[in-house]
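Novice: Make the full structure from the sequences, and use the hints.
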Amino acid sequence: MPTCAGNVNRSPEPIFTGSAPAIRIKGLMPRVLDYKEIVKEYHSWSGRRRIRALAGFDLSVERGEIFGFLGPNGAGKSTAIHLAMGFMKPSAGSGHMLGMPFGHVATRRRVGFLAENVALYQRRAGTAIRFYGGLSGLHGQALEGAARAALEAVDMQAESGRNLGQFSRGMVQRMGLAQALVNDPELLILDEPTSALDPAARVAVRELLLRCRTQGKTVFLSSHLLSEVELVCDRVAILSRGRVVRTGTLRSLLETTDQVEIVAQAIPLVLFAAAVAEDARVRFSVPKSGQREALERIWAAGGEVISVNPVRRSLEELFLELTGGDSGNGRELAQKGNAQ
Amino acid sequence: MRPVLLIAGNFAREQRWPLFFLLLWVLGWALFGLLDPERGPEDALMIFRQLAVYSVTFGVFFGSSAVQADQRSRRVLAVLSKGISRAQYILGLLTGMGLVLGVFCLCMGFTATWLLGRFGFNIGSLWFGMLALWTACLLTASLTLALSTFLPPLFAAIATGTLAGIPALLAFRGDTVSKFVIPVYGLVEPLIAASFTATWHFRPLLVLVGWIETVLFWMIASWIFSRRDLAVAAE
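Top to bottom, those sequences are chains U and D.
Using my numbering, you'd call the opening residue of the first sequence number 1 and step up by one each time.
Using my numbering, you'd call the opening residue of the second sequence number 1001 and step up by one each time.
Since the hints were made in silico from the structure, they are not lab data.
Just so you know, nobody snuck in bad clues.
Beyond 10 Å from chain D on every Cβ pair, some chain U residues (computed): (1) Arg48; (2) Ala92; (3) Gly170; (4) Pro199; (5) Arg251; (6) Glu293; (7) Glu296; (8) Glu317.
A short, non-exhaustive set of chain U residues, derived as facing chain D with CB atoms under 10 Å: (9) His82; (10) Met88; (11) Arg108; (12) Arg110; (13) Gly112; (14) Ala119; (15) Gln122.
Think of the CB as a built atom: it goes at the ideal place given N, C-alpha and C, for glycine as much as any other residue.
Specialist: See below:
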């Protein structure tokens, strides 16, 4: 059945707690999403006010990965997603989704999309999912089975008889995820899929995404929840002011090249500046160039080296460093005003 | 074709309450005939004429708000993210409008058959009139729908009135060609002028032209809508 193997809450399979990257060689995996030098401008009716949402936007997403798409408000994340879905056209540049130009109708049947602040027709949950499945070209028994599996995947099968108008925001979001999964998509494009969910539901969605990856599906995940991205994504792109400012695997992005963290024991705390005692151990960071000297000092003092690791930044630190705290709120408001 | 029918059915379902209230009008007319048969045929015919004009207005109402409502509520994103084209989406909405307006015209026709038929009204002509009325409603809806793809609902409604009104005025002043340009007035005119004594002059050619222009406006609406950005900002 489709939808990433049923109900994730009741799954006997182990829960992944970290990113489990498949072996992939950059450039050799087929690209499922490919933006090339895309520019997108919004302009007012008179054409006087122009806002550039994306400028020289380049990005590639490879098959079978969970790709995190990060950026502050107004950075252009939703614009980039809407371009891929064919909801709007680029002002310049081009892009391909599953090998076809953006907006290709038949290709969208192989894609599942969840919009930010999803809105669905207020019908009974089961009927609504069948409606969206029908729009994807499913019918008959296949549609019935796919709708049931999609509802199970988001743990909403018990609510299938209830009207969406009676649902909480979190439940509607889960329904949004179900409609994205109903056609068993090769590519899932999710814009803030967990923003309205409680912690338990977030864990369930995270497991669902990991399960999708094990089935060979590609997930393009836009999210503000950096901790969540850090847990599930193989690669991330950070967007600021309409440009991709950094792309790479989480490991390569978060490891700094100039600092190492050393943990040692049986040495005096005063041996290294800014060292921190943890139980019987001492933890401190030194520049990579001073690593050998630090180790020799430990051994000379009769100490024992427990570990030497490159210092890892948190994704939040990296995000703030690259975006420079650019909230982009004003820009986004102007953008909304012009786009309407 | 299935996605078109799904969207049409969904539109009709979404409009079930407006349709219900419109049908209450027809029901009120029927009750009028049932409870007060002595008030005379002329009163019943006057209400019939009014309903004919109102039904065209309903076409404007449905046509002007359909796309905008879906776009503002962001529900259009989930629909167009599936494997359907914008032309199919517009056709689905138009078919849904045809369904809703068709139900209204059908109920109106049955009520008129019962109520006016008792006073000797020509029932055969009446049903042809209902077909013409439905065509007029659908033509108005498709014109408004085309305009609403780039205008706000109110402006789309005003523009429809203007675009359909100018040829009607010209036709009224004797211009024969104008009769076939957005022939809403030409289609509804026999119903507005209906009487128990006068002979009805229905024009099958006008109905055909009405259908052709409905398709034409659907094509225009699809062409414009497929070139529009669906820039829907998250609230």
